[in-house]
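A.B. asks: Chains as they are written, first to last, in this note's numbering: chain A, 14 to 239; chain B, 14 to 239.
Honestly, the hints are just simulated from the structure, not real lab data. Predicted model, so just to flag it, every value in this text is computed and none were measured. Think of the CB as a built atom: it goes at the ideal place given N, C-alpha and C, for glycine as much as any other residue. Some clues are possibly wrong.
The following residues of chain B were derived to be distant from chain A, with all beta-carbon distances above 10 Å [what the hints assert, rightly or not]: (1) Asp-68; (2) Asp-80; (3) Glu-128; (4) Asn-230.
Partner residues aside, some chain A positions facing chain B, computed with beta carbon under 7 Å [said to hold, decoys possible]: (5) Gly-55; (6) Ala-67; (7) Thr-160; (8) Lys-165; (9) His-189; (10) Ala-203.
Number of protein chains: 2
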Amino acid sequence: MHRTKVRIVEDALDANNTIARANRDDFDRHGVTVVNFMSAPGAGKTTLLERTIADLDGVRAGVLEGDVEGSMDADRLSALHVPVVQLNTASGFGGECHLDANMVRSALAALPLEEIDLLVIENVGNLVCPAEFRVGEDLRVMVSAVTEGEDKPLKYPLMFRACDLVIVNKIDLLPHLDISVERLLANVEAVHPGVPTMLVSARTGEGIDAWRDWLVNATNRAAAPA
Amino acid sequence: MHRTKVRIVEDALDANNTIARANRDDFDRHGVTVVNFMSAPGAGKTTLLERTIADLDGVRAGVLEGDVEGSMDADRLSALHVPVVQLNTASGFGGECHLDANMVRSALAALPLEEIDLLVIENVGNLVCPAEFRVGEDLRVMVSAVTEGEDKPLKYPLMFRACDLVIVNKIDLLPHLDISVERLLANVEAVHPGVPTMLVSARTGEGIDAWRDWLVNATNRAAAPA
């Protein structure tokens, strides 16, 4: 029974990787850099995009919004006049807890890939399964809010290990919390040695310039001839 | 393909419900009230248990800790000298994002059911899948931290609908956030009309007495002859 389950899961991940490669080919053909953006619910992904996505130093960005239900985040971002496509996962049983390559593929036709340089895929808020499904991205970024506590890297190590950048958000709240950002960063380093980290507050704007620069540089680096 | 997937999922949920009923029979035979305790990562479930579980007015409590990896929460709670059993879900592919009835069943032998009146099952931090898997519980409680924002009921409605109580935690941080607790409560009411809610701060202790009373009353009500 357990072995059968593992095989079904492995087959599903193989199928996912095949579709992710097809997505990757489409992104490459259009010269689009793709960031898979992940976090727990309410860590501040949408606010971090609102703060940066419309002003990326010439980089033309689009967003694919993944949510179980609703289009609130897509509505917020479309106010910024960037292309936004909403993808809802609720057609499954009670809603899928992550995006997979096939869901992203189903949204590609609605995305003006020829008009953008950077696509940010905002995943479903969840620290487990989104890290297990490649969707054809170049880079993976996660947001860990300090309000979630300093132990999250140790409890959800796969997510922290899967990422190319860990953004530590809501640092404006540190004076009001009983947590140590040094211990949080040490826990990140323990599960993913050397991963870059960035301390920001989407609310006050602290650190937002560094996040904007990271997005611009990631796009330009990918676009540069090898 | 989609239809096949739906059938596999329905079969899995049927199998889960069968095992959940077996768990339920075991709990009933020992007169144990069971609470399935759910939230996003870092919403404060463990701290809310630390604040109450050792002092429940004569109710003898035990805890089943569900985590992808590690035993940090179980270690924190065992310091309170209540029976605690750790269940890790990481044996799956990268870790299961929820507890299911079979995982709970596998832990039953390690739980001293004859010595407790109340079992709190602390689920994996996730607002999607834990709501889809019954584990044999009497009651479901979720924690929504105000730091997660006021829109979470609209984005993760199944979780809010599945619960018998919604605890709104971290209210001590409200003066430092741009969110309205009234709008959060209105969103809870919109997706689950009439569900009881409770405003608490695990950090300052505000509202903790009401949460303790709720646990005591839930246990005593279940134990009373029908």
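A.B. asks: Against this structure, judge whether each hint is valid.
C.D. replies: Now for the hints, and whether the structure bears them out:
{"no.": "1", "hint": "Asp-68", "result": "holds, 21 Å"}
{"no.": "2", "hint": "Asp-80", "result": "violated, 6 Å"}
{"no.": "3", "hint": "Glu-128", "result": "holds, 28 Å"}
{"no.": "4", "hint": "Asn-230", "result": "holds, 29 Å"}
{"no.": "5", "hint": "Gly-55", "result": "holds, 3 Å"}
{"no.": "6", "hint": "Ala-67", "result": "violated, 20 Å"}
{"no.": "7", "hint": "Thr-160", "result": "holds, 4 Å"}
{"no.": "8", "hint": "Lys-165", "result": "holds, 6 Å"}
{"no.": "9", "hint": "His-189", "result": "holds, 6 Å"}
{"no.": "10", "hint": "Ala-203", "result": "violated, 12 Å"}
Violated hints, in rising order: 2, 6, 10; the structure is consistent with all others.
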